[in-house]
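Peer 1: Chains as they are written, first to last, in the numbering used here: chain A, 2 to 332; chain B, 2 to 332.
Hints listed in this document are in silico derivations from the structure and should not be mistaken for laboratory results. Take these hints with a grain of salt, some might be off.
One copy or two, it doesn't matter: identical chains are merged, so the pair holds either way.
The calculated lysine-lysine pairs, modelled on BS3-like cross-linking and capped at a C-alpha distance of 30 angstroms, are [unchecked claim]:
1. LYS201 x LYS284
2. LYS27 x LYS312
3. LYS29 x LYS93
4. LYS312 x LYS203
5. LYS203 x LYS229
6. LYS29 x LYS229
7. LYS29 x LYS11
The lines below spell out each chain.
Number of protein chains: 2
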Amino acid sequence: MKKFVNDPAKFVPEMLEGIFLANEGKLKYEPKFNIIYRADRPNKSKVSVIQGSGSGHEPAHVMAVGPGMLDAASPGGVFAAPPMEYCYECIKLMNSPQGVLVLINNYQGDRMNWDMAIEMAEAEGIKVKSFIIDDDVAVQNSSYTIGRRGVAGNFFVIKACGAAAERGASLDELLAIATKVNANVRSMGVALTSCTPPAKGKPIFELGEDEIEVGVGIHGEPGRRRDKLKSADKIVDEIFDAVANDLPFKSGDRVALMINGLGGTPPSELYVLYRQAALRCKKAGFNIVRNYVGNYCTSLEMAGASLTLLKLDKDTEALLAAPAEIAVRVF
Amino acid sequence: MKKFVNDPAKFVPEMLEGIFLANEGKLKYEPKFNIIYRADRPNKSKVSVIQGSGSGHEPAHVMAVGPGMLDAASPGGVFAAPPMEYCYECIKLMNSPQGVLVLINNYQGDRMNWDMAIEMAEAEGIKVKSFIIDDDVAVQNSSYTIGRRGVAGNFFVIKACGAAAERGASLDELLAIATKVNANVRSMGVALTSCTPPAKGKPIFELGEDEIEVGVGIHGEPGRRRDKLKSADKIVDEIFDAVANDLPFKSGDRVALMINGLGGTPPSELYVLYRQAALRCKKAGFNIVRNYVGNYCTSLEMAGASLTLLKLDKDTEALLAAPAEIAVRVF
Numbered sequence: 002m003k004k005f006v007n008d009p010a011k012f013v014p015e016m017l018e019g020i021f022l023a024n025e026g027k028l029k030y031e032p033k034f035n036i037i038y039r040a041d042r043p044n045k046s047k048v049s050v051i052q053g054s055g056s057g058h059e060p061a062h063v064m065a066v067g068p069g070m071l072d073a074a075s076p077g078g079v080f081a082a083p084p085m086e087y088c089y090e091c092i093k094l095m096n097s098p099q100g101v102l103v104l105i106n107n108y109q110g111d112r113m114n115w116d117m118a119i120e121m122a123e124a125e126g127i128k129v130k131s132f133i134i135d136d137d138v139a140v141q142n143s144s145y146t147i148g149r150r151g152v153a154g155n156f157f158v159i160k161a162c163g164a165a166a167e168r169g170a171s172l173d174e175l176l177a178i179a180t181k182v183n184a185n186v187r188s189m190g191v192a193l194t195s196c197t198p199p200a201k202g203k204p205i206f207e208l209g210e211d212e213i214e215v216g217v218g219i220h221g222e223p224g225r226r227r228d229k230l231k232s233a234d235k236i237v238d239e240i241f242d243a244v245a246n247d248l249p250f251k252s253g254d255r256v257a258l259m260i261n262g263l264g265g266t267p268p269s270e271l272y273v274l275y276r277q278a279a280l281r282c283k284k285a286g287f288n289i290v291r292n293y294v295g296n297y298c299t300s301l302e303m304a305g306a307s308l309t310l311l312k313l314d315k316d317t318e319a320l321l322a323a324p325a326e327i328a329v330r331v332f
Numbered sequence: 002m003k004k005f006v007n008d009p010a011k012f013v014p015e016m017l018e019g020i021f022l023a024n025e026g027k028l029k030y031e032p033k034f035n036i037i038y039r040a041d042r043p044n045k046s047k048v049s050v051i052q053g054s055g056s057g058h059e060p061a062h063v064m065a066v067g068p069g070m071l072d073a074a075s076p077g078g079v080f081a082a083p084p085m086e087y088c089y090e091c092i093k094l095m096n097s098p099q100g101v102l103v104l105i106n107n108y109q110g111d112r113m114n115w116d117m118a119i120e121m122a123e124a125e126g127i128k129v130k131s132f133i134i135d136d137d138v139a140v141q142n143s144s145y146t147i148g149r150r151g152v153a154g155n156f157f158v159i160k161a162c163g164a165a166a167e168r169g170a171s172l173d174e175l176l177a178i179a180t181k182v183n184a185n186v187r188s189m190g191v192a193l194t195s196c197t198p199p200a201k202g203k204p205i206f207e208l209g210e211d212e213i214e215v216g217v218g219i220h221g222e223p224g225r226r227r228d229k230l231k232s233a234d235k236i237v238d239e240i241f242d243a244v245a246n247d248l249p250f251k252s253g254d255r256v257a258l259m260i261n262g263l264g265g266t267p268p269s270e271l272y273v274l275y276r277q278a279a280l281r282c283k284k285a286g287f288n289i290v291r292n293y294v295g296n297y298c299t300s301l302e303m304a305g306a307s308l309t310l311l312k313l314d315k316d317t318e319a320l321l322a323a324p325a326e327i328a329v330r331v332f
């Protein structure tokens with residue numbers, strides 16, 4: 002295992018401390034429950050939007066905390082759901098009379114722990130609702146999931162709900178926005194390599210030197226099939242078709258297009274993928290209004306990428322265009 | 002070789018087309034000479050700031066084109082200097098009565114080709130100057146370099162000159178700014194793995210399963226020594242000391258701190274490194290005014306990272322804080 006890591010058991014806490022140190026004054030950190038939250042939160046005059054899933058997917062979701070995005074996140078260990086008490090403490094910390102919205106990627110562990118925490122919080126009179134994201138078209142059920150998995154499409158749900166919450170939307174309005182965005186977003190990924198959780202020390206699955214996993218999950222779950230390595234364009238064609246035909250997207254649609262790196266794939270390769278995806282959109286008559294190329298939802302150091310398409314309407318476009326700021330910065 | 006690539010000979014042109022397609026209306030693309038440039042350029046009322054080095058280092062430098070950054074870039078093939086005619090055409094295209102500033106990372110091939118192009122442009126009456134960046138403290142001379150290599154510190158020279166050019170600084174003023182920033186910036190990197198140029202198809206060097214290259218160059222050049230894999234903190238300690246003691250930085254200094262990913266290292270590990278680097282800064286009495294964690298200057302899919310420290314003064318701080326926009330976006 003070749004990684005920048007100290008004690009593997011401290012990988013997540015040390016990463017969180019790093020994120021906190023890089024954002025002092027903007028973010029606060031509660032190490033006991035892995036909670037990263039906005040320094041100006043909770044804000045009692047707006048709905049709090051929070052998330053907590055396994056670590057190892059950064060920037061999702063703990064680096065998505067900031068103005069116009071999440072108010073807080075409480076990740077678990079690498080590829081492990083946050084323990085129920087992390088979820089519970091995160092809800093309590095972000096408690097607002099306007100309510101708390103919990104965005105959850107569709108994995109059984111995450112759902113179970115958040116459901117228990119929400120039940121406990123509700124018993125204490127806290128107004129809290131959850132929403133499940135399931136944008137991955139690869140498979141119907143998966144290793145840790147009943148129903149479709151939630152992957153990089155999550156970014157758009159966070160962005161839209163974060164922007165709307167900032168503008169004063171109610172909890173019910175945010176649920177409606179999350180429902181609409183999730184209904185219009187589709188993703189699928191491909192792995193060129195496996196990845197190694199620090200505490201495990203071994204790759205989570207094996208891939209031959211000439212093999213790829215088409216439709217891979219962000220924890221290395223099997224996808225649609227194992228295939229031989231193909232050209233970048235052929236790989237894009239397959240995942241583009243799977244994604245575009247699922248909604249289905251139609252000629253004339255205004256869309257957001259994301260090429261998401263899974264962690265070990267450099268910008269150069271992501272733009273080779275973006276090129277073909279953009280050309281396919283043009284050919285299909287999809288109007289790319291916004292694009293996103295980079296690491297949004299990773300699987301540790303896995304080499305691979307996913308493609309996400311979001312069908313836009315005027316309101317969603319405005320929410321995506323709203324200002325936001327997170328721990329991931331360029332300048 | 003496992004990469005997202007079509008014909009290896011088309012890797013760079015297809016990447017450039019991808020960057021262009023992701024920035025339509027903002028960037029223009031001249032495929033004949035690999036030139037990516039701002040759609041609103043040249044602007045005859047300001048100095049043009051340009052760069053062109055080998056590809057494979059993205060976002061450096063071709064994705065650093067945009068308002069407040071570069072006006073144009075003309076990269077060569079993967080790890081290959083731009084041919085003289087690319088440099089020449091890029092200078093001509095960005096010709097401005099105020100002058101053209103060429104920022105060059107210190108590699109012999111780049112210097113030679115830019116020098117010839119500048120000579121030709123000058124013979125035609127074009128006002129053009131170049132500046133050499135050499136921030137890498139690892140070794141005094143290297144495989145492709147006489148003197149120190151130029152690496153991720155380049156970002157700060159681009160940012161400062163780009164911002165000053167936007168404000169109307171003269172060519173001489175920009176040269177003074179570049180000189181100051183380069184004199185105050187120091188970097189060093191570590192590789193955990195090698196990387197594979199698409200057209201070569203084989204790793205550019207070999208590293209054992211338990212080995213790292215301390216002080217690696219961004220083309221895989223040997224550094225200070227081959228070492229056994231160590232903890233993240235110990236690795237940071239070594240490169241931090243090398244960088245901090247070189248200027249030397251002093252207690253009370255205001256600094257910018259960058260942890261740059263070399264392409265195959267995910268955000269989670271970069272923040273583990275940032276943590277220790279930030280703690281070392283605090284211990285040394287350096288005041289981190291700005292920080293940068295992510296991919297800035299990569300070596301294809303190499304797993305590894307570099308650390309850059311820049312000593313700030315008021316003017317440089319203001320230039321780093323100026324608005325800018327490039328092809329690398331989060332939202």
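Peer 1: Each hint should be assessed against the structure and marked as holding or not.
Peer 2: Quick rundown of the hints versus the structure:
1. LYS201 x LYS284: Intra 44 angstroms, inter 33 angstroms, cutoff 30 angstroms: neither.
2. LYS27 x LYS312: Between. Shortest inter-copy distance 23 angstroms satisfies the 30 angstroms Cα cut-off; intra-copy 32 angstroms does not.
3. LYS29 x LYS93: within (15 angstroms within a copy, 50 angstroms between copies)
4. LYS312 x LYS203: So LYS312 and LYS203 fail the 30 angstroms test inside a copy (39 angstroms) and across (41 angstroms) alike.
5. LYS203 x LYS229: This pair counts as both: shortest intra-copy Cα distance 23 angstroms, inter-copy 19 angstroms.
6. LYS29 x LYS229: Neither: 46 angstroms inside a chain and 36 angstroms across chains, both beyond 30 angstroms.
7. LYS29 x LYS11: Classified as within: same-chain Cα gap 19 angstroms, cross-chain 46 angstroms, threshold 30 angstroms.
The structure is inconsistent with the numbered hints 1, 4 and 6, although it conforms to all the rest.
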